Amino acid sequence: MSEAISVLAGANTEGFCRVSELGLHGMITVRGDLSNADLAKALCAVAGVDALPEVRKMVGGLEGGIAWMSPDELMVFVPYAQVVDKVDELNSTLAGSHFLAVNVSDARAVFGIDGAGAREVIAKVAPVDMSPEAFTTGDLRRTRIAQVAAAFWMAGDDSFRLICFRSVGDYAFKLLSVSAAKGGEVGYF
Amino acid sequence: MSTRLSKAGRLVDTSKSVAFTFNGKKMQGHAGDTLASALLANDQMMVGRSFKYHRPRGIVASGAEEPNALVNLGSGNTFEPNQRTTTTELFDGLSATSQNHWPSLDFDIGAVNGLFANYLTAGFYYKMFIHPRPLWKYVYEPFIRQSAGLGKAPKDTDGDRYEHFYAYVDVAVIGGGVAGLQAALAAGEAGAKVLLMEQTAHFGGRAPVDGGTIDGIEAETWIAGALARLDEMPNVTVRRRMMGAGVYDHGYLLGYERVKDHAPELDAPRHRLWRIRAKQIVTATGAIERPISFAGNDIPGVMLASAVRDYAVNYGVAVGQKTVVVTNNDDGYRTALKLKELGVDVPAIIDAREDGAGALADAARKAGIRVEPGKAIAKVKGGKRVEGVELCRMQGNGGAVIETIKCDAVAMSGGWSPVVHLWSHCGGKLVWDEVESHFKPDPDRAPTNQDGKPFVITAGSASGPLGLGEVLADADAAGKKAAEAAGFTAASTPAPNGDARDEKPMQPVWMMPSDAVYNLRMKMWLDYQNDVKVSDVQLAAREGYESVEHTKRYTTLGMATDQGKLSNINGLAILADTLGAEIPQVGTTTFRPPYTPISMGSIGGEARGDTFQPIRHTPIQQWHIDNGAYMEPVGHWRRPYTFPRGSETYEQAVNREITNTRTNVGLLDASTLGKIIVKGPDAAKFLDLMYTNMMSTLKPGKCRYGLMCNENGFLMDDGVVARLDEETFLVHTTSGGAAHTHAHMEEWLQTEWWDMKVYTADVTEQYAQIAIVGPKARKVLEQLGGMDLSKDALKFMEWTQGKLGGFDARIFRISFSGELSYEIAVPASQGRAFWDALMEAGEEHGVMPYGTECLHVMRAEKGFIMIGDETDGTVIPQDLGLNWAISKKKEDFIGKRGQQRTFLASEDRWQLVGLETVDGSVLPDGAYAVVHGHNENGQRTMIGRVTSTYYSPTLGRGIAMGLVKHGPERMGELVEFAKTDGSTVMAKIVDPVWYDKEGEKQNV
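Just so you know, the sequences run in chain order A and B.
Residue 174 in this note's numbering sits at position 174 of the first sequence, and the numbers go up by one each step.
Residue 251 in this note's numbering sits at position 62 of the second sequence, and the numbers go up by one each step.
Please keep in mind that the hints were generated in silico from the structure rather than gathered at the bench.
The structure presented is a predicted model; accordingly, all values stated were derived computationally and were not measured.
All the pointers check out, no bait thrown in.
Label pairs and their calculated CB-CB ranges:
id, chain 1, residue 1, chain 2, residue 2, range
1, A, G187, B, F296, 43 to 53 angstroms
2, A, Y188, B, R554, 49 to 59 angstroms
3, A, S92, B, E1096, 52 to 62 angstroms
4, B, E771, A, G187, 43 to 53 angstroms
5, A, S92, B, E936, 26 to 36 angstroms
6, A, G187, B, S195, 36 to 46 angstroms
7, B, E936, A, G96, 25 to 35 angstroms
Far from chain A, some chain B residues (derived; all Cβ distances over 10 angstroms):
id, residue
8, G265
9, I406
10, Y437
11, A552
12, K555
13, I558
14, K891
15, E915
16, A932
17, G974
18, A982
19, G1052
20, G1062
21, T1091
22, T1130
23, I1132
The beta-carbon is built from N, C-alpha and C at its ideal position, and this holds for glycine as well.
Whenever a hint applies, use it, and build me the whole structure from the sequences.
Right under this line is the structure:
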């Protein structure tokens, strides 16, 4: 197999905080009855986490984690090299039950926003309360950034991860970069 | 003349001088000046000309309410018209030019309009330019357009950047005067998350100028203390240079922050538009002083009394050497006293009230100022500058002038009106206050939230009270009330103690003198910018305009860039008087956001340049760009239209691509094609409802073309469906229809067929999809190797998957061109490498990439329809001869009942045919087939139209598809098509399948 290349091949910019494209990550869109214990067990096993995320939460991280997407949809994160096997694993474990697991790793761009003021970079483009009282580690929103759909979560202090569609990866990168440009510090949070 | 005083203003730093230019003339100001105060310090009283009569205009106010002093600011990529000098902070190198004059501010040709003022009264344009009708388009409109508008439009792209910012707070306080400070303190102490914004660079509002004590200390000292306390509260944010621009439903508030207008050298966004959600909004927006309508009140040098005071105290500028004060209330006396204190001569205070003022009058007399109660200004003398005022009795017609008082400035005070704009934006109602003669917010009719409860509270003068003590008490209560409404418990600390108001009641003066004659009334300006006078409003009333909204539009009162901040109340009082109605019955016009104009840049935010609009890129996009593709927009994608080589025209390139694909092999980037996974036990049943044809009978491993209609029966999308396994389908949609089709499916699943066991997922971007098309397509793929793609191993309309040349490939043998053709999907991250591999493997077979136009021509040669060409939302599959794709066996599908309606079932509908011009030329796109006669609209009778039209290099002639009435029954007949140049062209109706009707070529 030829080498797989992510949308921006790891581009990054340094403003008042750092915006970087984080390369390829395994992502599986799962739709199903999230209250089903068998589904939860299988998903946790695949992602290596203890429990499914609560509403608007992320458990784990890019190398193994699950993000809440909607009342019947999750995004499962696994290492990119394992994603095909992991989808097969889910399909065989849950064979016979009604659910959907589909590999969307290549349909996404993944970004990191890191550094002091990272909250402000997102608050400039997403209609979300990014204040420390309202948004802490593990919190996630599936929303929009300016004109495109996106989901993001707080991975740690001053550190956010964001996913959007691959086709608009270039737009998202430029958007986040201009929002992080020096001189644009708001000093609000 | 206006000059700098010896005592420095409280806001300026006289040790720092700042250089700027006005109309090219070099001037000096101080750090801390506004452009207005600096102009006045340089004796530049006249700063522009009015809109209609080009009358000289001077600075009238000292803040956001200024109607006159608007300038063009900056040059090149920082040029911006209509900038208010009173809210523009001076910076080094500022360059301003005055507006609405020609050839110069001092000498203006347009001022000749003033000589015809008798004819240019209210409604002049409506009356004059309505007849004769034909003159409107060629004479009147160009003339009016040329003279319309203040300022110039910028020529260059804005050189600055802008941004938005989302914030969520419990209590937003608008206005940083003493009321706003106290409201923020009260809400902050209760524990609420507070955002306090002040539109200027300074807190405290009017209090430091007007004086008085709070809790026994000077107002200015109290303000500094309040700011320090707010600063210590972690739950309170204080922003200056940020205006509350608009209040909207559900506590949505726009804050307009001018980040670097005062310091253009900063590398920062120029403006930041805050998009705030607040549980409660406190408007501590203060009050605005009203002008008085006396003849000549628009002559430069006539100013609001409060503004004269502001310039003296804040900036150390005396607007005149001899300043007459004219007032109908006690507050005007403060200006006289302050000027006197600073050594400026005040020849007289003219008080319209017979019994004059209270304690302040005594103070004025003690200071040696002449006070004239019961008097009025009959007329201001002067042209470009005040030279004196004629004194008369207030009660009378102004005919008997008592004396002429020499002066070079007039400070007028007609009373104060609360700034109710933000209260009113979202539906807050007003009541008329008989004592102060102003409209004030009615707390019982506040703007309400989704729960029916009020979400806007006014504080301080914005509520109505004008005394310092009353203002602070009201503001403290407002802050506490807001915190409580947001779910906090307010502290029981008492409100600060401010001086109580000790003044005599004001007396409304809507016209001065009371019964002024017409030639005085037509010199009494209400709206300075738009030249609306007392006489104009009176005329409108006499002509039957009873509604204040109609009068506004008829006279243009309050329609200028200041939106009537000064003229509103005076204008409607005149209207009420003329109509013989009470002012509250006449009411106000509607207050709409923004409070003052905000920049277009701030509204757009970051959406400009590279981030103006998201452009979708396929994984192979860069190759297209690098290889000179000519792009066309397809939805938000940019797809190669063609790949011209050397000096080829686009047309030549397209023809080459077609011929090469039909003789050798071509590559198309089809990644934009929509791809949706539909999975579940009920997936087949669901797709039978989504498509007009049967999908449940499709076997795994097979593909089928399908049509999708909306519930009205109109064709919406088409594409190839592949069955992946028993309960999983992969649905292909058009490039532009992917998101919509997915949403359409989800809507039916979530709202109508929620009991169906089906899940969908949009996987459009998971794959790069490439079409390999042409007689040599198989040879190219065999060269890559790894999979058996022989005629029998993968038959037409089948799919398979495996490793093709090392790539994870899913191969569909489908054809949109009539040639041997494969569409191959690989993971997007392998897309570019796969494209490169195909180009390399195809080199010896003559491979060439082709674009969307080649795709279009080839499908037209085969008679295939294109969604968006043959369809436009009014076309059903039956119109396109696609009856074969509409299942007769199925009980139902979306659109079935719609298609049974009489109009859609009619045999007279225009139907799809092929068209060939007799002369071989290409028909114009969209051309109509015409016959003799005219329809009810006076147009030629039409019996059809062209939907697709191309030059076919394969056939060497123009070919077209079109919808023609009874078309399929008229094969071989000639139809006439109208061209845009007025001529017509004859075309023969033919079968729309020109190329390989038997389908042998795609089946090899």
